[in-house]
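Going down the list, the protein sequences come from chains B and C.
Take 1 as the starting number for the first sequence in the numbering used here and just add one per residue.
Take 1 as the starting number for the second sequence in the numbering used here and just add one per residue.
Worth flagging that the hints you see were computed from the coordinates, not collected in a lab.
Model, not experiment: these values are computed from the prediction.
Warning: the hint list may mix true and false statements.
Partial selection, computed: residues in chain B whose CB lies under 7 Å from chain C [as the list claims (entries may be wrong)]:
| # | residue |
| --- | --- |
| 1 | His12 |
| 2 | Gly69 |
| 3 | Asp188 |
| 4 | Val189 |
| 5 | Ser190 |
| 6 | Leu196 |
| 7 | Leu202 |
| 8 | Val219 |
| 9 | Tyr222 |
| 10 | Pro261 |
These stretches of chain C come out as covered by chain B in the derived footprint (C-beta under 8 Å, 3 or more residues) [what the hints assert, rightly or not]:
| # | stretch |
| --- | --- |
| 11 | 125 to 132 |
| 12 | 217 to 231 |
Think of the CB as a built atom: it goes at the ideal place given N, C-alpha and C, for glycine as much as any other residue.
Listed here are the chains, written in short residue letters.
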Amino acid sequence: MSYLELENLTRHFVRREGWPIPRKTLVRAVDGVSLQIEKGEILGLVGESGCGKSTLSRLIMQLLVPTSGSVVLEGERLADLAPAEIRKRRRDFQMIFQDPYASLNPRMTVFSTLAEAILTRRPELARDRSALESAVAALMGRVGLDPRYIRKYPHEFSGGQRQRIAIARALGPEPKLILADEPVSALDVSIQSQILNLLLQLRDELGLTMIFISHDLSVVRYIADRIAVMDEGKIVEVGESDALFNSPQSEVTRTLLKAIPKIRYPATAPA
Amino acid sequence: MPLLEVRDLRTSFHTRDGIVRAVDGISFDVEAGQTVGIVGESGSGKSVCCYSLLQLIPQPPGRIEGGTAKFGDLDLLQLSEARMRKVRGKRISLIFQDPMTSLNPYLRISTQLIEPLLIHEGLSKSEALARAIAELEAVGIPDPKSRIHSYPHEFSGGMRQRVMIAMALITRPEILIADEPTTALDVTIQRQVLDLIKTRQDDLGTAVIFITHDLAVVSEVCDYVNVMYAGRFVERAPVETLFARPRHAYTRALQRSIPAMQKKGEILYTIPGLPPNLANGVPGCAFAPRCEAHEGGPSHAATRPALVELESTHWVQDCPGCLAGAVATN
């Protein structure tokens with residue numbers, strides 16, 4: 001039994017177009033996706049925009065109700081749980097979003113953002129200010145932020161630091177699963193490496209299971225153990241990341257590989 | 001005689017924290033039809049540099065402190081607003097990173113696309129519309145005759161960027177400034193947009209100033225590359241030379257930090273530290289605090305190092321510390 005299992009997960013949307021009598025078309029955003037993810041594994045999910053990556057991530061996060069199929073976490077079928085129970089379970093899966101400028105509340109300090117996240121798991125800390133503060137500081141240290149910045153607001157940080165705050169917030173509720181939706185594509189290339197290093201380090205330290213969504217295969221190849229390629233709501237190819245990179249089986253994968261900008265000149269810089 | 005000749009451009013921002021010298025004396029040339037890259041991290045001043053050329057810096061707090069930008073017989077930095085308007089969007093156009101925020105969501109594509117033609121070329125609406133449709137077709141928008149009357153939100157991100165390119169090139173400018181035109185796009189769409197800029201450039205003979213932080217993109221599109229750090233160029237070279245024989249420590253560090261270049265399982269190389277805070281002024285070599293010091297190697301320059309021409313067309317900041325450890329010339 002895998003840690004997280006997606007069984008034939010499907011979500012359709014009905015699109016209404018036209019006036020006065022709307023024409024209905026069925027959009028198969030996610031169309032029968034089955035995947036298994038082991039504990040401590042990083043699964044890369046790649047595909048072009050509009051292929052259903054984000055809908056799939058929302059289904060896993062229980063933010064959308066599937067049309068059919070189910071999400072099974074540690075042998076428990078999440079769709080069978082009561083809504084209140086799902087709210088409690090949501091602590092177990094956390095998300096990191098693409099744009100750290102948009103995903104942090106500009107009117108909350110680092111402390112209040114992270115304290116809120118920590119309190120969902122450990123509400124008893126609400127009465128113990130100093131313990132809460134040291135928990136926040138520890139969390140900041142974990143993601144490589146100086147705890148001196150605890151009273152600062154998001155706008156006072158650079159893009160890479162903001163993404164670290166977003167990662168710390170995701171770690172606050174001690175989740176079992178982290179869904180990272182394009183966590184580095186809004187960042188400078190030189191900052192991307194720092195965030196990727198951090199995610200890998202956290203996986204090793206905390207045994208996190210992670211789904212890493214991206215359109216950039218070169219980044220995914222580096223971070224993921226296995227890669228799933230999505231196209232038009234279906235998984236077209238799953239494989240060990242190096243194998244998939246070196247011998248792509250499907251046309252979609254080949255297109256994605258071809259699109260990666262490559263340094264055309266052999267670098268002779270000393271290693 | 002180059003098409004555009006920028007000499008010693010200086011732009012600073014007067015803020016509460018002090019004077020931020022965002023662009024601190026840079027010089028470069030753009031030849032007709034050439035693609036010139038400006039690469040650097042966020043905050044290195046690459047966008048400010050190009051916006052200065054078109055007088056798009058909000059003044060105050062910004063101020064162009066000095067320098068010249070010879071474009072034909074004009075000096076772009078000295079032009080009056082009225083004369084600048086005749087250049088901006090006509091002889092030099094600009095495309096931005098985010099096509100959603102740079103198109104007006106309230107206006108149809110047609111209205112926005114024919115505007116430069118009505119203003120700069122005095123065409124009638126129907127003539128302009130015909131030109132606009134042809135231009136949309138040239139950038140690969142299917143069914144341009146009906147699509148031209150759509151609103152921006154009816155296009156996908158990649159299509160919007162195509163519309164932006166059509167809008168920028170519709171007046172047949174001599175220079176196109178592309179400010180991170182593909183950063184917000186998917187890899188596959190990025191590929192299409194890069195190819196499109198290239199083909200349109202070949203068709204029209206436009207020179208392109210390409211601003212990006214992505215060295216891989218630079219290696220694919222640029223002829224000549226300027227590497228910018230803390231408001232100055234630290235290295236300038238033709239693209240082959242820059243990748244084959246990078247001399248400055250910053251250029252080498254940037255090349256090493258590309259995730260795709262590294263083996264799986266190794267810790268990714270990152271440049272330690274942060275770019276300097278320009279508000280405080282930088283006394284010596286700006287990269288010194290982040291340069292991985294070679295023990296016993298030469299020390300970094302104590303005053304800001306000057307650009308020197310190492311070999312023909314290959315310029316580098318003359319800081320002994322930063323040049324140490326580079327592969328010798330040729």
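Now the hints, each set against the structure:
no.	hint	verdict
1	His12	violated (21 Å)
2	Gly69	violated (27 Å)
3	Asp188	holds (5 Å)
4	Val189	holds (5 Å)
5	Ser190	holds (5 Å)
6	Leu196	holds (6 Å)
7	Leu202	violated (13 Å)
8	Val219	holds (5 Å)
9	Tyr222	holds (5 Å)
10	Pro261	holds (4 Å)
11	125 to 132	violated (count 0)
12	217 to 231	holds (count 3)
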